[in-house]
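**Q** Listed below, chain by chain, are the residues.
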Amino acid sequence: MSVSEDVILKVRDLNAYYGAAHILHGINLELSRGEAAVLIGRNGAGKSTTLKSIMGLVRPAAGEVIFEGDKINGLAPYQIARMGLGYVPEDRRVFATLTVSENLEVGRHERPGMKAEWTPDRLFELFPNLAEMRERTANQMSGGEQQMLAISRTLMGNPSVLLLDEPSEGLAPVIVESMAMALRTLVDTGLSILLCEQNLAFAAAICTRAYVIETGQIRHEGTMNELLDRADLRKAYLAV
Amino acid sequence: MDFAFFILQFLNGLASASSLFIAACGLSIIFGVTRIVNFAHGSFYMLGAYFAVTLAPRLMESINPFLGFWGGILAAAMIVGLLGVLMEMLLLRRIYHVPELFQLLATFGVVLIVQDLVVLIWGPEDILGPRAPGLKGAVNILDQRFPEYELFLVAAGPLILGAIWLLFRKTRFGVLVRAATEDREMTDALGINQKLLFTGVLFLGASLAGLAGALQIPKEPANGFMDINMIAEAFVVTVIGGMGSVPGAFLAALLIGELQAFGILLFAKSTLVLAFLAMAVVLILRPQGLLGKPAVNTEHSEFASSIPLRPWPRWLVLAWLGAIVVFACLPFVVDSFTLKLAIEVMVFALFAMSLNLLIGLGGVISFGHAAWFGVGAYAAGLLAVHSHSPMLLALAAAPLAAGVAAALVGAFIARLSGVYLAMLTLAAAQLIYAIAFQWTGLTGGDDGLVGAWPDAWAKSRVVYFYLTLALAGGAVFALRHIAYAPFGYVLRAGRDGPARAEAIGINVAAARWVAFTIAGMAAGLAGGLYTFSKGSIDPTVLSIPTSVDVLAMTLLGGVHTVLGPVFGAAALHLLQDFAMPITDHWRLILGGGIIAMVLAFPEGLVGKLRSWFMPAEETP
Ligand SMILES: Nc1ncnc2c1ncn2[C@@H]1O[C@H](COP(=O)(O)OP(=O)(O)OP(=O)(O)O)[C@@H](O)[C@H]1O
Ligand SMILES: [Mg+2]
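Chains A and B, in that order, are what the protein sequence lines are. Taken in order, the first sequence gives residues 63 to 302; the numbers are from my numbering. Taken in order, the second sequence gives residues 81 to 700; the numbers are from my numbering.
To be clear, the hints were calculated from the coordinates, so they are not data collected in a lab. Note that the coordinates shown come from a computational prediction; the quantities given were computed from them, not determined experimentally. For glycine and all other residues, C-beta sits at the position ideal for the given N, C-alpha and C. Be a bit skeptical, because a hint or two may be false.
Mimicking DMTMM-like on lysine to aspartate or glutamate, the simulated pairs with C-alpha atoms at most 20 Å apart in a straight line are [said to hold, decoys possible]:
no., chain 1, residue 1, chain 2, residue 2
1, A, LYS72, A, GLU130
2, B, LYS299, B, GLU180
3, A, LYS133, A, GLU152
4, B, LYS373, B, GLU205
5, B, LYS614, B, ASP657
6, B, LYS250, A, GLU167
7, B, LYS275, B, GLU180
8, B, LYS275, A, GLU130
9, B, LYS250, A, GLU197
10, B, LYS250, B, GLU262
11, B, LYS373, B, ASP263
12, B, LYS373, A, ASP153
Quick list of the computed label-pair ranges, beta carbon to beta carbon [as the list claims (entries may be wrong)]:
no., chain 1, residue 1, chain 2, residue 2, range
13, A, HIS84, B, ASP415, 32 to 42 Å
14, B, ARG366, A, PRO190, 32 to 42 Å
15, A, GLY136, B, LEU239, 42 to 52 Å
16, B, ARG366, A, ASN201, 15 to 25 Å
Take these sequences, add in the hints, and give me the full structure.
**A** Dropping the structure here:
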């Protein structure tokens, strides 16, 4: 089996509702092991809903989510997380009154038979900013620091796939840049990433594949370079 | 008052603050993580006392007095903790996703069941406990005697606070509890098994309640009133401190403890009133409590209904007309006893309808609706007994008095929502209850008012039946009319999406206030009719169980139906009347029934029937 055929996460014909509102209309996507792909689209396109459906936070009405060959839809979020799907939500949702160390402790989970073991010290190497504020509570941190904490907290569960929801949102350009470098490092160590973004440049710095989503449907899929080359696609489905 | 006396009174306040804190902090922790307001917390407390008076004396005899006593206290706390685990696994786990009103009711069902079980196991008599070995004496403080055990309690509160602080800072379990109190869903997404966490939290919270009850035994005998007495105060402490905040509960307990210690010098019997007044003031100034976080505004009310109100089909109109005609013929076919029952059913039907205006249409959870029923009942009773006014005048005064009272209270609480609103309506009801109970000169206190009979022309039960049919029936249909009128749409818009409703120019708080007043008037009319049907009233018409009865009736009928509560009232009242004389365990049955109802069909009886006979259009 060649590497490119080694699909770690597969979403088939996913349909999701909020109450009576039909949000996702049959999403299909695949993520290969070690690959970083972006799910890109405008506000309200359904990016977050897709990630939440994968995590079991939204119950999909139809369709399948297959992770490492196992069907996971229907499982509780905590079970999905323990299988190795790490989720970083869009509004970060760090525990505001908990310290950095305590936030990391909440995410800690050792997966049986896994090699890469994340520890707070290793995470502080990845995000040196955090190292100086171990005992600071999250509500006393800047947005960028909170985002780093949110990612670190999820990594403490030693996931093999990271679902990242708009990590660049609302961050200063230099922070976005260092964030992209850190994520690139993670991909280089073998982590698979499914990123939701509106920021094309940021996505391009990390991802090699792109799925374009609009009104709950995948409108285009291809390589990142193809998307960068095709102004028509960007004009039709992305802001500017 | 001299200085020494002041100090002693202050120490007394600290001692009761400690007891209050230990009792209440578990409630706050449980709410913080599970978001369930656990009425059964008072039952845990009572059980702690009963287990302690059972275990401690035996252990003191078989081991030694010191170890036996404290071992008994701790064992009682642990057993109660395990009962909390049992309740989490059997009940709470099934109701985390139902609306909070149903959760409140389900845990109140547990209260009823435990009350009967305690009588079954320990008998109806109070049970005296042993005194604490080594702490039986008193110490001299500024030449005044102060009991050693009280001094121990003064220290126990801060010790427990410290222990909880350590647990929350230094253990993984504690960190998870704090994280889940902030954002439960996020902990789930990070791989934390919610069930295990909740089970652990219930153990912690229940064992703290059990400990508080057990620590009470040298001071008061274990008795069957400990649960309700404690839960009212624990609610106050939790709400003042901020739901979910342990340090907040500590501050609030200090406030209430001292308020009561010194308040008792000013107005001897008014300590409960003071506590509830303090809660009302804090909630008005700081709705989230002293150290609580503002509630996250959920755009969709938990009672938001996707079911539109549809005009009745013709057959339903005909069925109603037929039913009314048949009902109106009752006096010709049934005996006087059954007629009395029919009158009461009408009274409760109106009472339940009035509550459903708030809950079903307005999305306003009132947990103290008995207050308005009681104010109406007392207004009518006082006029009839003290000033011998004509019955019709007294009946007219009932809705007026209740409406004015509801409007006053409503003005303060209409802008609140969720559990806070529920707690504040409960507080208002308890306040009015305390007044009726303690103002013996006017209300006759515990004995109530007797001799409020209908005027001569309405003495016959048949006449009173038709009078009730006309008044209660008329009011029921007036309430139904409101549901379909523009005001009903305004209320429902406020219920389904307060922010959206505000955006299109609806003043949600004002609409709720009007609804509160109308519901109060209707309940007051029901109360007035009740007074003359009974001839007497006492404070139980104002009590928490009455509020729970009417809630159960409303829910049994179904909150998303317009006339469902009428059936709920009939069903529950008839069942009550039928079951009470033949069983000593009515509370066991009612409690079990309420729980079964919440678990089996949260949409209510009529809601269930409707979904069979009038299926809604396909929704995904
Ligand atoms: N809790 C909810 N209830 C009802 N509708 C919702 C809810 N959350 C999102 N929606 C709707 O679902 C659609 C998709 O939302 P989603 O959050 O998935 O979009 P998104 O692509 O992540 O957008 P953004 O870039 O703004 O984060 C939107 O139209 C949104 O209004
Ligand atoms: Mg989003």
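**Q** Each hint needs a verdict: does it hold in this structure or not?
**A** Each hint tested on the structure:
1. LYS72/A / GLU130/A: Between LYS72/A and GLU130/A the Cα gap is close to 9 Å, so the pair holds against 20 Å.
2. LYS299/B / GLU180/B: 35 Å, violated
3. LYS133/A / GLU152/A: Status violated; Cα separation ~25 Å.
4. LYS373/B / GLU205/B: 43 Å, violated
5. LYS614/B / ASP657/B: 15 Å, holds
6. LYS250/B / GLU167/A: 11 Å, holds
7. LYS275/B / GLU180/B: 19 Å, holds
8. LYS275/B / GLU130/A: 26 Å, violated
9. LYS250/B / GLU197/A: The given pair, whose Cα atoms are some 13 Å apart, holds under the 20 Å limit.
10. LYS250/B / GLU262/B: Holds. LYS250/B to GLU262/B sits at ~18 Å (cutoff 20 Å).
11. LYS373/B / ASP263/B: 12 Å, holds
12. LYS373/B / ASP153/A: 18 Å, holds
13. HIS84/A / ASP415/B: 32 to 42 Å: 59 Å, violated
14. ARG366/B / PRO190/A: 32 to 42 Å: Taking Cβ atoms as reference, ARG366/B and PRO190/A lie about 41 Å apart, which means the hint holds.
15. GLY136/A / LEU239/B: 42 to 52 Å: 46 Å, holds
16. ARG366/B / ASN201/A: 15 to 25 Å: 19 Å, holds
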